[in-house]
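Novice: Below are the chains, spelled out letter by letter.
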Amino acid sequence: MPVFTLAEIAEHIGGELQGDPNVKITNVAEIDKAKAGEITFLANPRYREYLANTGASAVIIDAKAGVTPAIPYIQAIDAYYGFLKAFLLFNAPKKMLEPGVHPSAVVHPGARVGRDSAIGANVYLGANVQVGERCQIFPNCVILDDSSLGDDCILYPSVGIRENCRIGSRVIIHNGAVIGSDGFGFAPYQGKFHKIPQVGRVVIEDDVEIGANATIDRATLGETVVKAGAKLDNLVHLAHNVTVGENTVIAAQTGISGSTKIGRNVMIGGQVGTVGHIAIGDRVQIGAKSGVRKSVGDDEIIFGSPARPIMKTKRIEAALNSLPELLKRVKKLEEALGK
Amino acid sequence: MPVFTLAEIAEHIGGELQGDPNVKITNVAEIDKAKAGEITFLANPRYREYLANTGASAVIIDAKAGVTPAIPYIQAIDAYYGFLKAFLLFNAPKKMLEPGVHPSAVVHPGARVGRDSAIGANVYLGANVQVGERCQIFPNCVILDDSSLGDDCILYPSVGIRENCRIGSRVIIHNGAVIGSDGFGFAPYQGKFHKIPQVGRVVIEDDVEIGANATIDRATLGETVVKAGAKLDNLVHLAHNVTVGENTVIAAQTGISGSTKIGRNVMIGGQVGTVGHIAIGDRVQIGAKSGVRKSVGDDEIIFGSPARPIMKTKRIEAALNSLPELLKRVKKLEEALGK
Amino acid sequence: MPVFTLAEIAEHIGGELQGDPNVKITNVAEIDKAKAGEITFLANPRYREYLANTGASAVIIDAKAGVTPAIPYIQAIDAYYGFLKAFLLFNAPKKMLEPGVHPSAVVHPGARVGRDSAIGANVYLGANVQVGERCQIFPNCVILDDSSLGDDCILYPSVGIRENCRIGSRVIIHNGAVIGSDGFGFAPYQGKFHKIPQVGRVVIEDDVEIGANATIDRATLGETVVKAGAKLDNLVHLAHNVTVGENTVIAAQTGISGSTKIGRNVMIGGQVGTVGHIAIGDRVQIGAKSGVRKSVGDDEIIFGSPARPIMKTKRIEAALNSLPELLKRVKKLEEALGK
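Chains as they are written, first to last, in the working numbering: chain A, 389 to 727; chain B, 389 to 727; chain C, 389 to 727.
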């Protein structure tokens with residue numbers, strides 16, 4: 389573990405230090421678990437009560453927090469983001485793969501691997517595959533013909549990328565995720581389903597993260613697109629021709645049906661499902677387990693199945709608690725009126 | 389890209405051509421995106437408005453469409469199916485693997501691989517595995533002992549087939565799907581769960597397609613069966629001893645519990661769940677996110693959780709919008725009656 | 389197939405035999421399918437009607453069943469558990485892998501493999517990985533640096549274990565499951581999401597079973613824990629810092645959000661979702677498709693979305709059938725009262 393002084397940490401996170409600049413810090417920790425020599429943070433006011441008794445040697449606070457800790461502190465514009473930067477200082481990502489192509493990897497002669505990239509054991513790179521610089525492709529990944537990766541990507545073990553997909557830079561894909569599987573398209577004819585070739589592709593832009601065992605289908609024609617900065621959790625499913633906007637976050641086990649377009653900075657909870665061919669606006673928030681059946685305008689907050697404005701669903705849920713009783717009450721009224 | 393005349397396309401799809409048979413066509417396209425030299429189709433009446441202004445050089449229409457395009461057209465019994473046949477003419481599947489066994493594949497001496505099949509890099513075929521003719525087994529697939537594949541199958545990368553399973557011909561299995569994992573069966577005894585060996589198998593019949601990262605468990609005793617022509621989307625789960633009937637379609641993230649029997653030509657939406665040990669009749673339709681808790685007769689259309697006849701669920705959903713207000717209205721009635 | 393006498397079977401399962409001890413038994417079977425030479429069981433009273441006509445040569449019954457079969461029978465404390473023991477007698481697990489390291493496996497020089505363990509084809513073991521004795525690691529599994537397995541584990545093909553995870557003894561992990569993928573944690577700052585390093589780990593205790601393509605995320609800091617004897621079905625998702633208690637059972641496609649703590653001997657149905665940061669008590673039962681949004685005390689039985697006490701949800705569901713009609717009835721009452 390490295391050691392930094394408070395002055396070094398304050399400079400690194402761009403915050404203003406109050407207290408002894410020479411205090412030595414050996415790690416980061418949560419406010420209720422921190423020990424001497426560690427730095428913690430206070431972002432959520434709910435944790436303010438822990439501040440007086442924290443064992444930490446220093447704390448990162450919001451510039452506007454309105455508290456004056458008894459221990460040395462660093463004021464940052466955003467305490468949580470400042471803490472993250474400190475976190476990274478003490479927990480620099482460890483490279484587990486040596487640069488170069490492992491002798492057991494199978495790399496087509498037409499594939500190209502950029503400088504300082506690592507191609508792990510038993511990896512397969514098909515014809516014309518291009519891998520940028522400083523990428524880490526962990527063991528047993530398979531990238532089929534004509535697909536490309538930008539720079540600084542990490543593909544954890546057993547990721548599968550089908551042919552002709554485009555992956556940007558700084559993309560992280562977790563174990564077992566699948567990019568570019570065939571869309572689910574069939575023409576029914578005389579009681580049987582006839583496969584429609586899926587000849588489009590998937591485009592993943594820069595800074596995207598994709599969870600373990602997630603699946604992103606290629607387009608029938610054209611492109612399935614995940615735009616820059618979007619984050620998808622484990623076991624998420626995107627059907628063919630879906631678009632996910634910039635910096636949109638989708639939690640685990642959610643499924644988006646074909647051709648649906650999702651805006652930017654949208655937040656979608658876990659186990660949500662949407663029908664196909666709808667548009668979800670920018671900055672929309674969708675509660676967990678919602679079923680979204682029609683298009684949603686910018687900035688809406690929806691919840692439930694069917695998804696309704698969140699307060700509407702909350703009121704219905706509360707009213708449902710009274711429904712069995714309501715039936716009896718109405719029966720009594722009918723009796724009183726001789727109905 | 390190949391080039392065909394309209395006469396050649398009409399003959400290939402078995403339709404009747406109206407217009408110049410020598411027009412050269414270079415590709416297929418959607419009606420609102422087609423350009424000169426391309427052929428499109430009109431199946432859904434909603435798209436009829438695009439017909440007058442399409443840039444396409446020809447169009448495939450239903451014999452009964454009741455329209456007379458200004459451009460050359462081909463009348464087909466089913467325009468969409470005709471378009472699919474034209475689509476395939478221009479987009480013949482490209483073989484990415486060379487026939488033969490890749491030197492890095494590990495093939496048990498007792499395994500047999502049919503003529504013109506390709507066994508990709510880092511594939512494992514266990515003892516007595518049999519692979520038919522013209523199959524493509526992509527890199528990193530694993531087929532354990534005594535399992536068999538028919539002819540013309542495609543297994544995309546990292547598919548896993550456990551021991552003693554039977555896969556028919558023309559079966560397509562997408563990346564990471566698992567066939568024959570143990571059923572989830574335990575005998576509770578004195579507060580612990582004791583594993584029941586799962587010694588049955590999975591049988592996948594001809595022309596089945598299975599989505600990426602789907603899981604199909606083997607039977608405890610006997611067989612889990614997916615019958616001919618059934619199509620399963622990504623992340624679908626079939627538990628032990630399930631039967632899926634002929635030409636049944638199951639959308640993404642749906643789960644079928646143990647021993648449930650699903651009929652033929654059933655259509656199941658995404659994120660549906662069913663309990664175990666029930667029977668779902670032929671041609672049933674089940675809306676997305678439904679929870680099916682009891683058996684369903686032939687031809688029913690059900691929806692919701694619990695699944696009810698679709699119109700019943702729709703009426704309940706509509707009524708729920710009024711429920712919070714209804715509570716107030718009943719309170720007023722009670723007050724008016726002095727209750 | 390081996391052959392045992394009834395006397396041998398009775399001794400093996402610790403039951404009391406009534407009838408000819410020399411009857412030869414060749415296999416186990418279900419009561420309605422058993423043939424001569426087979427032994428069956430009667431645990432569920434619903435199957436009692438099959439007893440008179442079973443083709444089996446013997447039957448295992450509960451000591452308290454209160455029936456006297458016409459055929460030889462073994463009285464056991466728990467008939468189903470007794471049957472399981474007989475089942476295992478006839479269906480001893482077959483080892484598909486030879487002990488030793490397959491020549492195509494890539495094992496880091498610092499990794500250690502215990503006696504009689506089998507490391508299959510194309511497996512990767514990273515630096516300092518430790519595998520106990522008698523483990524079977526099937527082809528194409530990948531275990532990254534510093535992770536360890538106890539004794540007698542089975543990892544089916546293409547399982548991925550990330551760095552620094554701890555797996556106990558007698559753990560079974562099915563195809564494609566992922567242990568230790570990054571938790572889904574980001575700090576929002578100026579409209580973008582900044583990855584929080586996930587530097588914790590996953591601890592899987594003894595006798596756990598994990599289904600195909602399930603995903604278990606590592607902790608941000610600290611540990612995600614699955615305690616001894618817990619059983620997780622296919623496609624289950626555990627987020628970072630979750631704890632699952634001893635002998636808890638979670639059915640397929642269920643997702644548990646971050647930092648939620650689940651007690652022991654809990655039973656969770658399929659497609660359930662829970663929010664994060666809640667506590668679920670011991671012996672809780674949660675019905676399929678439930679959405680759990682707040683903590684649950686010991687021994688509760690809950691169901692629905694939102695999850696309520698099961699009888700409450702059942703009453704609401706029943707009342708919903710009358711809701712559309714109720715609206716009309718209230719309207720009539722209002723009219724009668726001139727409202």
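Just so you know, the hints here were simulated from the structure itself, not pulled from any lab data.
Some hints could be false.
Since copy identity is lost for identical chains, a pair holds within one copy or between any two.
Distance condition first, Cα-Cα at most 25 angstroms in a straight line; then the derived DMTMM-like pairs of lysine to aspartate or glutamate [unchecked claim]:
| id | residue 1 | residue 2 |
| --- | --- | --- |
| 1 | K720 | E418 |
| 2 | K719 | D670 |
| 3 | K483 | E634 |
| 4 | K682 | E418 |
| 5 | K482 | E723 |
| 6 | K719 | E437 |
| 7 | K580 | D450 |
| 8 | K482 | E722 |
| 9 | K716 | D504 |
| 10 | K719 | E611 |
Novice: Are any of the numbered hints broken by this structure? If so, which, sorted upward?
Specialist: Violated hints (numbers, rising): 1, 2, 3, 5, 6, 8, 9 and 10; every other hint is consistent with the structure.
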